[in-house]
Amino acid sequence: MIDTSSAFTNRDMNGKYDLRVHLEQAAPIPLKVSFDCHRGELVALVGPSGSGKSTVLRCIAGLNTPRDGQVVCNGVEWLNTDRGLNEPPQKRAVGIVFQSYALFPHLSALENVTVAMQHISADQRKSRALQLLRTVNLEGLEQRRSHQLSGGQQQRIALARALAREPSALLLDEPFSSVDQTTRRKLQRELAGLRGRMAHPIILVTHDVEEACLLADRVCILHRGQSLDIGSPAKILNSPRHKLAARLVGQMNVFEGRIIEHQAQRNVTLLRWLDYELETRHCPRFAAGSTVDWVIPPQNILLHQRVRPSRGERENPVHGTIDELVVLGEVASVTLLIDNRSDTTLTFNLPMHVVQRNRLEAQDQISVSLRAEGIHLMPRNEEDGE
Amino acid sequence: MDWQAFSLSLKLAAWTTVILIPIAIITARLIAWRRFAAKGFIEALVALPLVLPPTVLGYYLLTVFSRHSPLGGAYHSLFNQPLAFSFEGLLLASVIFNIPFAIQPMQRAFEAMPGELREAAWCSGLSHWQTFARIELPLAWTGVLTAVLLTFAHTLGEFGVVLMVGGNIPGETKTIAIAIYDRVQAFDDARAATMSALLLLFSFVAIGVVYFVNDRYKQRFH
Numbered sequence: 542m543i544d545t546s547s548a549f550t551n552r553d554m555n556g557k558y559d560l561r562v563h564l565e566q567a568a569p570i571p572l573k574v575s576f577d578c579h580r581g582e583l584v585a586l587v588g589p590s591g592s593g594k595s596t597v598l599r600c601i602a603g604l605n606t607p608r609d610g611q612v613v614c615n616g617v618e619w620l621n622t623d624r625g626l627n628e629p630p631q632k633r634a635v636g637i638v639f640q641s642y643a644l645f646p647h648l649s650a651l652e653n654v655t656v657a658m659q660h661i662s663a664d665q666r667k668s669r670a671l672q673l674l675r676t677v678n679l680e681g682l683e684q685r686r687s688h689q690l691s692g693g694q695q696q697r698i699a700l701a702r703a704l705a706r707e708p709s710a711l712l713l714d715e716p717f718s719s720v721d722q723t724t725r726r727k728l729q730r731e732l733a734g735l736r737g738r739m740a741h742p743i744i745l746v747t748h749d750v751e752e753a754c755l756l757a758d759r760v761c762i763l764h765r766g767q768s769l770d771i772g773s774p775a776k777i778l779n780s781p782r783h784k785l786a787a788r789l790v791g792q793m794n795v796f797e798g799r800i801i802e803h804q805a806q807r808n809v810t811l812l813r814w815l816d817y818e819l820e821t822r823h824c825p826r827f828a829a830g831s832t833v834d835w836v837i838p839p840q841n842i843l844l845h846q847r848v849r850p851s852r853g854e855r856e857n858p859v860h861g862t863i864d865e866l867v868v869l870g871e872v873a874s875v876t877l878l879i880d881n882r883s884d885t886t887l888t889f890n891l892p893m894h895v896v897q898r899n900r901l902e903a904q905d906q907i908s909v910s911l912r913a914e915g916i917h918l919m920p921r922n923e924e925d926g927e
Numbered sequence: 002m003d004w005q006a007f008s009l010s011l012k013l014a015a016w017t018t019v020i021l022i023p024i025a026i027i028t029a030r031l032i033a034w035r036r037f038a039a040k041g042f043i044e045a046l047v048a049l050p051l052v053l054p055p056t057v058l059g060y061y062l063l064t065v066f067s068r069h070s071p072l073g074g075a076y077h078s079l080f081n082q083p084l085a086f087s088f089e090g091l092l093l094a095s096v097i098f099n100i101p102f103a104i105q106p107m108q109r110a111f112e113a114m115p116g117e118l119r120e121a122a123w124c125s126g127l128s129h130w131q132t133f134a135r136i137e138l139p140l141a142w143t144g145v146l147t148a149v150l151l152t153f154a155h156t157l158g159e160f161g162v163v164l165m166v167g168g169n170i171p172g173e174t175k176t177i178a179i180a181i182y183d184r185v186q187a188f189d190d191a192r193a194a195t196m197s198a199l200l201l202l203f204s205f206v207a208i209g210v211v212y213f214v215n216d217r218y219k220q221r222f223h
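Residue numbers (the working numbering), protein chains in the order written: chain A, 542 to 927; chain B, 2 to 223.
Chain B extracted, bound-state conformation (with noise of 0.2 Å):
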């Protein structure tokens, strides 16, 4: 069992999350409730890691992190260190890697909830932040439960990209996903299975818990 790889891919989901989530619930709260010309553009943008193979998102990160980009440029200069093969690049790709699992369960949970419910609470004098805190986020915590499970889950599990942008460095970017492929290589099936039952068990849990809690709350107010 490799605990310095296990713990940097918590490390990792833990950091994914704790960005990702607030930019999603109000990109979510947008694409749900707004009417706007590039919708369906933005949609299109949100789920395209879906279907997107690894290794090409992989490649484009990695255009963008060299630094003869603005972006890794800019990074190197502040830093003094490149973008790519770091544990900050790896957070950055795992964070625009995981835009579909964190937006789209959000979104569908602002899409099932009333417009009217909004109007009623603004009516009953509840401003736009009261409104989201005593309202809004208490009727979709299905939808951000969701969202901060997979999104955790799925960080815990990628391999492609991690393995184009990070690569194999131990404490910085070898991940639990990564440290199963060294172990298969290396023909340690011992760790190898260890580890692999370890993120078997988490990745199950975690959807276990998604589909409880969404059953549960569809009995409860439907």
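Bound conformation, chain A alone (with noise of 0.2 Å):
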């Protein structure tokens, strides 16, 4: 298991993070997370269903409270089990934006939000609110009752809601999942917008790595009430920190190897798959003769161009035969058999175009490239495989 616990010390404690969480508990959901928010930051929580990330969040509101954890929000403690301190919702600036939204039904979307606005006196509340409701495209709606909304105009009353509290860090459960597409992708947009203005941590649960990807700074990956790796979209997609984190952002290309050799001069490591011999990155970290496991993100996989060759294809050479040709509108999604081994495929996506330019069917022989660039190497973990 990988220990996430020493990022987090006592130095960074009252240090230029803003929002600082670390849960640990073994039942009734186990949980060993620790991750950390700046000001105006977005990290999002992903992972698949169960995976723990809603209780997580819950947890930095107040609404669970795990068996060990600290809590700190711009130096304030939230949460610190060890001397007892467990904060009430009511006591953490949180604003939270719930999945179904959890809008007041009997309140208009104008008193939706006021009624979140105990810190200030009475009389400063409704400019106050209907200036939130402008900040989220709402004018005009601020006397509909939210059953008379559609389903983007109340995320935006949450929003809206949340925000009025004024609040230290602002968290979002799976804030998209109950619209439709189009409504999504505005929402999305939006929000992306909000956060030049917003000076607060921003917390995302999402188990959509590619909107998470979108939208976050950073990125932590969650399985089994376990946060695995944390890092920018391109780190956590490219270079993740282990074959079951790859497999959570959905890289399907996750083979084993054995490193060869190590060329500093020519700065490449040498690696074993199969019967070929893979440069990569120089990456001195793996012994000579160890065995690893390695991904290669889809876009690093280069088709040998049937019609026109080029210099790239001395780069990694690899044969294979078509699996599979799945045409996803402009793109076409392809299995590619290495040496015929059943077991080993190749999996990437190809324009339209490159396809029919090439004649490409099922069972074609072809050969492609593997950007030495784009091969990670990721230290084997029995205990994450599955």
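If you're looking for bench data, these hints aren't it; they were derived computationally from the structure. Please read these numbers as outputs of a predicted model, since none were measured by experiment. Hints are supplied without guarantee of correctness; some may be wrong.
[Claimed, not checked] Not the full set, but computed from the structure, chain B residues with beta-carbon under 10 Å of chain A:
id	residue
1	L118
2	C124
3	G126
4	L127
5	Q131
6	R135
7	W142
8	V145
9	G209
[What the hints assert, rightly or not] Lysine to any residue pairs mimicking SDA-like chemistry, simulated, CA-CA at most 25 Å apart:
id	chain 1	residue 1	chain 2	residue 2
10	B	K219	A	L690
11	A	K632	B	K40
12	B	K219	A	E683
13	B	K40	A	R765
14	B	K219	A	S691
15	A	K632	B	E137
16	A	K667	B	Q131
17	A	K667	B	A134
18	B	K219	A	V720
19	A	K667	B	R135
20	B	K219	A	P646
21	B	K219	A	T606
22	B	K219	A	K632
23	B	K219	A	S719
24	B	K219	A	P825
25	B	K40	A	K667
26	A	K667	B	F133
27	A	K776	A	P825
28	B	K219	A	R685
29	A	K667	B	L118
[To be verified] Negatives, chain B to chain A, calculated, CB over 10 Å:
id	residue
30	F7
31	P50
32	V96
33	S125
34	G158
35	D189
36	N215
Even glycine gets a Cβ: it sits at the ideal position worked out from N, Cα and C.
Using the hints, put the two standalone chains together into the complex.
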């Protein structure tokens, strides 16, 4: 198991981070989660359903209490199980958008926002609430009740209500999951636009890796209540920490290989895979002769054009038979059987014009190059394998 | 028309409602939202007066009210009068046999409220009391209204338990339902008919309001 608690030192407790979370428990839901979120940063918690991401959010808001844990926001401790400190939700300055939005059905849109303004005097609430509703593009709908509004409009009220408390942290629990695709794209754009004006840390819970990478500055991968990996979207997607983290972000091309040798002067490491000798970026932290896992994201697999061969073909050429060619609109998803081994396949996408120009069909023999820059080596960790 | 019996019935119904509804709100919320070991047992206890013959309930109440029982004895030494066959005894009996009518509608109303609404209220900075007053009660108000109307109407109409623990003392325990029985026994059909018609009308209006309000509420939010 990966120990993520080491990133959580005392020095950091009063340092530059604004929201710091460390949770641990064995039951009822196992949790071992550590992460932090800076002012104005958006961290996405991503994982399959049941990975505990909503529980983590609820622990930050004070709706759940973990067995062991610490939550610190803006230097104020909200939870410290060592000291027996556990502030109720009312005392934690959080704004939360629930997956179901949880709007108060008997109140108007405006009242839903003003009710969350207990901290300011009653005569200031209305003007401030109107301003917030303008911010989320809901002008003119102030008097509507939630059942008279569309899903997207309800989500905007929920966001305005979450901001009404002037929170120190904004928590979003699958906020885009119950609206249609078009509205989702629109709301995602709006959130990205609002981000510039928000000074607090934002935590977004989602099961959608694509959405997380679209919106987040950093992504934290959760699996069975454990934070497995945290980093920028590019890091999470292209340089996952281990095989399981790679699988969880949807990487299909994860294999096992053996380090042959390191060639420091050429800045390469040679990797044995099947009968191939692959060149990768110089990576001396793995001993020669050791077995590693490696991943290649699909955009780093390049087709050798049948009509116009090019120089790049000398880079890690691999040969195989097209097992499947599935057309998905403008792209085709290609599954390539390597050396006709039924257990080893490379999956990548090709634009349809490339498929047509090369007259590719299932059962065709083709060659591809694996870009050395795109191959990422990972330590083998039997415990994380499934 | 026995106006004395009618006003006594109204007084009994009003006091029963005033005493029972706050207790029932607390109990209904507890049963609706908390999980605890004895939950099924408590729910069965709440529903018991629905199926128990009024004479059985009346018999046990009389036993508890007796001067030889702790409750009856304590009441007697405090107020120097028996609890049985008094208005106070009747009120206590009335509160007990109305428990299911007060608790069950409110329990359903609280159960129908998504738990996330309360959590959203807490996360909006509302205290537990503010959450109750501004979110829970307004959303459960049809349940509260139903409980009030059912308790009130049911108290006006209850006969068996009243006869067992109250007897037939004018101005003290002779309610309108007892008065009707009394008039029928005396072959005074005219007054029995007037009072019966009054109770029929009142009960129908109360039940009618319950269904009308619940129906309107459903249309509005669903």
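Outcome of the hint check:
1. L118: With Cβ-Cβ at 5 Å, under 10 Å, it holds.
2. C124: Holds. Min distance 5 Å.
3. G126: 4 Å, holds
4. L127: Cβ of B:L127 sits 7 Å from chain A, so the hint holds.
5. Q131: 7 Å, holds
6. R135: For B:R135, the interface hint holds, since the closest Cβ of chain A sits about 7 Å away, which is under 10 Å.
7. W142: Holds: closest Cβ of chain A sits about 9 Å from B:W142, inside 10 Å.
8. V145: 14 Å, violated
9. G209: 24 Å, violated
10. B:K219 with A:L690: Distance of about 17 Å is within 25 Å: holds.
11. A:K632 with B:K40: Violated: A:K632 and B:K40 sit about 31 Å apart, past 25 Å.
12. B:K219 with A:E683: Given pair B:K219, A:E683 holds - Cα atoms ~23 Å apart, limit 25 Å.
13. B:K40 with A:R765: Roughly 32 Å separates the two Cα atoms, so the pair is violated.
14. B:K219 with A:S691: Distance of about 19 Å is within 25 Å: holds.
15. A:K632 with B:E137: The given pair, whose Cα atoms are some 20 Å apart, holds under the 25 Å limit.
16. A:K667 with B:Q131: 19 Å, holds
17. A:K667 with B:A134: 20 Å, holds
18. B:K219 with A:V720: With a Cα-Cα distance of about 24 Å, the restraint between B:K219 and A:V720 holds, given a limit of 25 Å.
19. A:K667 with B:R135: 17 Å, holds
20. B:K219 with A:P646: 12 Å, holds
21. B:K219 with A:T606: 35 Å, violated
22. B:K219 with A:K632: 35 Å, violated
23. B:K219 with A:S719: Holds, at roughly 23 Å.
24. B:K219 with A:P825: 68 Å, violated
25. B:K40 with A:K667: 43 Å, violated
26. A:K667 with B:F133: 22 Å, holds
27. A:K776 with A:P825: With Cα atoms ~19 Å apart, A:K776 and A:P825 stay inside 25 Å; holds.
28. B:K219 with A:R685: 18 Å, holds
29. A:K667 with B:L118: 22 Å, holds
30. F7: Answer for B:F7: holds, closest chain A Cβ roughly 37 Å.
31. P50: Since the minimum Cβ distance to chain A is about 32 Å, B:P50 lies beyond 10 Å and the statement holds.
32. V96: At about 30 Å from chain A, B:V96 clears the 10 Å cut-off, so the statement holds.
33. S125: Given that some Cβ of chain A is not farther than 10 Å from that of B:S125, nearest at about 4 Å, it is violated.
34. G158: 33 Å, holds
35. D189: 50 Å, holds
36. N215: Check passes; 15 Å lies beyond 10 Å.
Figure legend: structure checked against the earlier numbered hints; hints not met, in rising order: 8, 9, 11, 13, 21, 22, 24, 25 and 33.
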